[in-house]
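*Asks:* Listed below are the residues making up each chain.
There are 2 protein chains.
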Amino acid sequence: MTDQTSALTHEVSVWLSQFGTALDRKDWSAAVDLFGEECFWRDLVAFTWNIKTLEGKAEIRAMLAATISDVQPTGWQIAGTATDENGVTEAWLTFETAVARGKGYLRLKSGKCWTLLTTMTELTGFEEQCGASRPLGTQHGVYKNRKTWLEQKSQDERELGDITQPYCVIIGGGQGGIGLAARLKRLHVPTIIIEKNSRAGDSWRNRYKSLCLHDPVWYDHLPYLPFPDHWPVFSPKDKIGDWLEMYTKVMELNYWHSTVCLNAQYHEDTQDWSVTVEREGRPIVLRPRQLVLATGMAGMPHIPQIPGADRFHGTQQHSSQFRGVGDFCGKKCIVLGSNNSAHDICAALWEQDADVTMIQRSSTHVVRSSTLMELGLGRLYSESAVKAGITTEMADMRFASVPYRIMHRLDIPVYQAIAQRDADLYERLSRAGFLLDFGDDGSGLFLKFLRRGSGYYIDVGASDLIADGRIKLHSGVSIQRIQEDSVVLTNGTVLPADMIVYATGYGSMNGWAGRLVSQEVADRVGKCWGLGSATKKDPGPWEGELRNMWKPTSQPALWFHGGNLHQSRHYSLYLALQIKARQEGIHTPVYGIGPMHHLV
Amino acid sequence: MTDQTSALTHEVSVWLSQFGTALDRKDWSAAVDLFGEECFWRDLVAFTWNIKTLEGKAEIRAMLAATISDVQPTGWQIAGTATDENGVTEAWLTFETAVARGKGYLRLKSGKCWTLLTTMTELTGFEEQCGASRPLGTQHGVYKNRKTWLEQKSQDERELGDITQPYCVIIGGGQGGIGLAARLKRLHVPTIIIEKNSRAGDSWRNRYKSLCLHDPVWYDHLPYLPFPDHWPVFSPKDKIGDWLEMYTKVMELNYWHSTVCLNAQYHEDTQDWSVTVEREGRPIVLRPRQLVLATGMAGMPHIPQIPGADRFHGTQQHSSQFRGVGDFCGKKCIVLGSNNSAHDICAALWEQDADVTMIQRSSTHVVRSSTLMELGLGRLYSESAVKAGITTEMADMRFASVPYRIMHRLDIPVYQAIAQRDADLYERLSRAGFLLDFGDDGSGLFLKFLRRGSGYYIDVGASDLIADGRIKLHSGVSIQRIQEDSVVLTNGTVLPADMIVYATGYGSMNGWAGRLVSQEVADRVGKCWGLGSATKKDPGPWEGELRNMWKPTSQPALWFHGGNLHQSRHYSLYLALQIKARQEGIHTPVYGIGPMHHLV
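Here the protein sequences line up with chains G and B, keeping their order. Mapped onto the numbering used here, the consecutive letters of the first sequence carry residue numbers 1 to 600. Mapped onto the numbering used here, the consecutive letters of the second sequence carry residue numbers 601 to 1200.
Because the hints were derived from the structure by calculation, they are not lab data. Among the hints, erroneous ones may be present.
Unchecked claim - Lysine to aspartate or glutamate pairs mimicking DMTMM-like chemistry, simulated, CA-CA at most 20 Å apart:
#, chain 1, residue 1, chain 2, residue 2
1, G, K209, B, D756
2, B, K1072, B, D953
3, G, K112, G, E55
4, G, K209, B, E757
5, B, K753, G, D202
6, B, K657, B, D624
Start from the sequences, fold in the hints, and give me the full structure.
*Replies:* As structure tokens, then:
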């Protein structure tokens, strides 16, 4: 250990020791005195049974006062050695609570805490059986009429949802539902996934044929079973579909495919749900204690109501219905929208010799895939990060350790560098009339994703087509009305059309609550996603965490799960722990449920 | 680094430097002078394009003289630091040859080499695309009428074996064929696996229902995609079957299920094979350049010809046909044999209330599973080995670094400790009349496996049943003849019987060559497996490696692949590299093809 490392590590150890002592004494003044004037404590379930960022000393003090008697944190220890990152001392840490073990990440500025992340990693006494505690697999010895693994598994599958009830039902068997179910499986929480498609992975397979993941492989691992090291950087959709199908099988998930959820109703008296599903045509009522909507953060397709649409003689599709299979040669295709799907679909149509026009209604954030990989994600999610010993878990934790309130400060310089590096592309797009932005504050892609879940394109080739006019562009306009064989734009331009694709996004996840449970419950829960940043499509007030995601909502026993593969992987851990704790009757006092926002 | 580590590392570095210099100068005397009087050089493909152990200075000198001009080894480097193991200095090393990169393991005694392992790890210019060189997955940019991953994959699958020919055909789609095919896939060698069953994994699923792997999980990983860390220590057969099925899919292997190989013929003139298969009833002739028999090291079931068998009124089955499903209550079941399958089947029948008798013809080596795990495998394959940073690859290499000639010296003390620890079990078995052995020289299980592939039981419970008479035992006898409703033992005892299970083992893999190719080729190739140790069922002369396994045989382009999961995993690497080198036209002069042995 170098002298500097030794000094930094000592600094952190001393801080943790003082912090632990202050908490032991319930001396809130001493505790908050260890934080700087600007300070953040992000807690993932460990203290708050919530996903919550406390901002400033007052909020931290209030949280401690409210939670400490239940949490009883002890054993604050540095894990490994501390490092210096541009004058900030950083370190991993571990701790325990009355019911769980936790990990954290600490940043000190001039000896005072700038950011603290605390996360629950496992419930004491309910640890996942893995590594040294993995099951034996067979019961050595001899036992009359014992059941084999297959006999037991077949019986469990046959009985679950019939003779026995699942503790948890997950609606939606995409990557989100699957990863969460795998975690619940390892925690022995009986769970059924309800999926309308006939095979796991179909939610990917059914998309347009040219689709590949826009995020790179290091960012996309599922829990427990990482992709092998030959897996491509950007998975083609059918390949990721096959992986998900395989994953549900080897993780032994109860995956009810070809099953549609008709409705769900919560019973206050019995504190459970009636979830009515139709499984291969047969109606079944499930009675779980917990219900998770993992129907995709994108929610339900949104198609704008445009006058004359019913008179159109050609094909009209929402982007989610577009398959890219057919004879498009010479066809006049209008794509309304300018985000990822719109770009991908325009490029796919152009590759199949269609005559393609994009209608860009408002400005879009564009970032080249290769540039994003290098300048944006590379430090945590890349081959070089792997070589530097940064495991997926470490990367997720480091990523989670940056409070949303200050994330833009870290991201703006990155996107300034990106704007500079790809200045030529942006210049050419602008000249073609394409409306560009980098987010309201120049903070780029990830914050736009967190704030509104839309408004960007990760460029894998379509931008060139737009820049040089091979994909035609009308920007700053929308479609005003539709005629038999053309669309009329808001500026009066008439465009002949054989096909219209509405790449116009999705409703909020909240819409699923309205549809499956009731509008009353949807209203009570309020909007899902968004930080309350008071930027475009993310109105305030500031919430500081994604609304209603992976944490208790205003409706007991109703949870929302989703996001990209990274979020699904990481936050499914905390959602699984919250559900497991309830199954085991552990006291889970929730601190600071956010106000709801009816801004669906 | 401690002073001792530093000194040891220096010692190894100096040795490697001197060794490299001697080889550079083709100074064989100087080179062999660096070896001790007792010395071994085990080479896996890197020097010999063979799997070969050179024993003593003369053999090493001869090998160097014959191979060095082609191999041109350079860059001998220690990897990491050296360690001391009971007075022996040990170290990992790397080197390069004219066509490949290699890794090795060195043991020095008093400064002289005691054992040297050299292995080829990859062919220069034909490295597997993984990690930083993994494929992008999508082709960024826009291309008219491009094919998606799924379209390309579907086309390749449709055309392979029809419009295009595989370079390699593997007969047998169990764990061996699957693991090898995965390696060949990553090396871009077009390969088809021929498997008679309808699903990958059926070779496990079709065995008796109580079967679990006898080897623990750390020993059983397949290449590239290790089991997740909740995987049970001993996989139930159906679970491993599901894993294999998943593995073939996500590794995108060309797995021709429900396909039987009818015959194979080698054409000297065109240097390729005609392999006639029947795929779902349709005959197809494949023309690969390489043919691998991966039909199981156990080969074809062996059923002894016993007079009167045709008159028996009850059920007769070879152990490979036994499923363990049915009403066995009160049935008089005779199990002929006393190895793993015999014990498992006896126990399974007893658990289902059958009246079970084992006929033990000759002595058996019994070792308790838990004891074997701890004292036998634990150092390399266990949770504590994982925690100590011993990866599967490192364990395999360390395992491979012990020359077979001296392996018994290391194993005898282990089995002495085992005999002591479980003295009570052995005592009770002996009292019950069970004939025990620890191998001819007391070296125990693994050497028995290498020498004859039979003669042992890893006890998971049946020994107790035998010891206390719940499974009846007749030992030192066989079945002389069979009557309608009984068997007559060689000592005249008559046992009433409703069922006879022949747990009587398998023929040599060589039998498959005779059946599928020709008896002439089978004779030319000679016996597979066995070291030539001049112990029971492993007659000499000494060969020092497993005969004909994973290396060139006397029949060009015919290979044998098999063994347990550990061997299939590790040696498939060297077999894959040998096949890839031939595909690429790399010069592969084979040194020291062993004499054949017609001891099938």
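*Asks:* Against the structure, test the hints numbered earlier, and report the numbers of the ones violated in rising order.
*Replies:* The structure conflicts with no hint, since it agrees with every one listed earlier.
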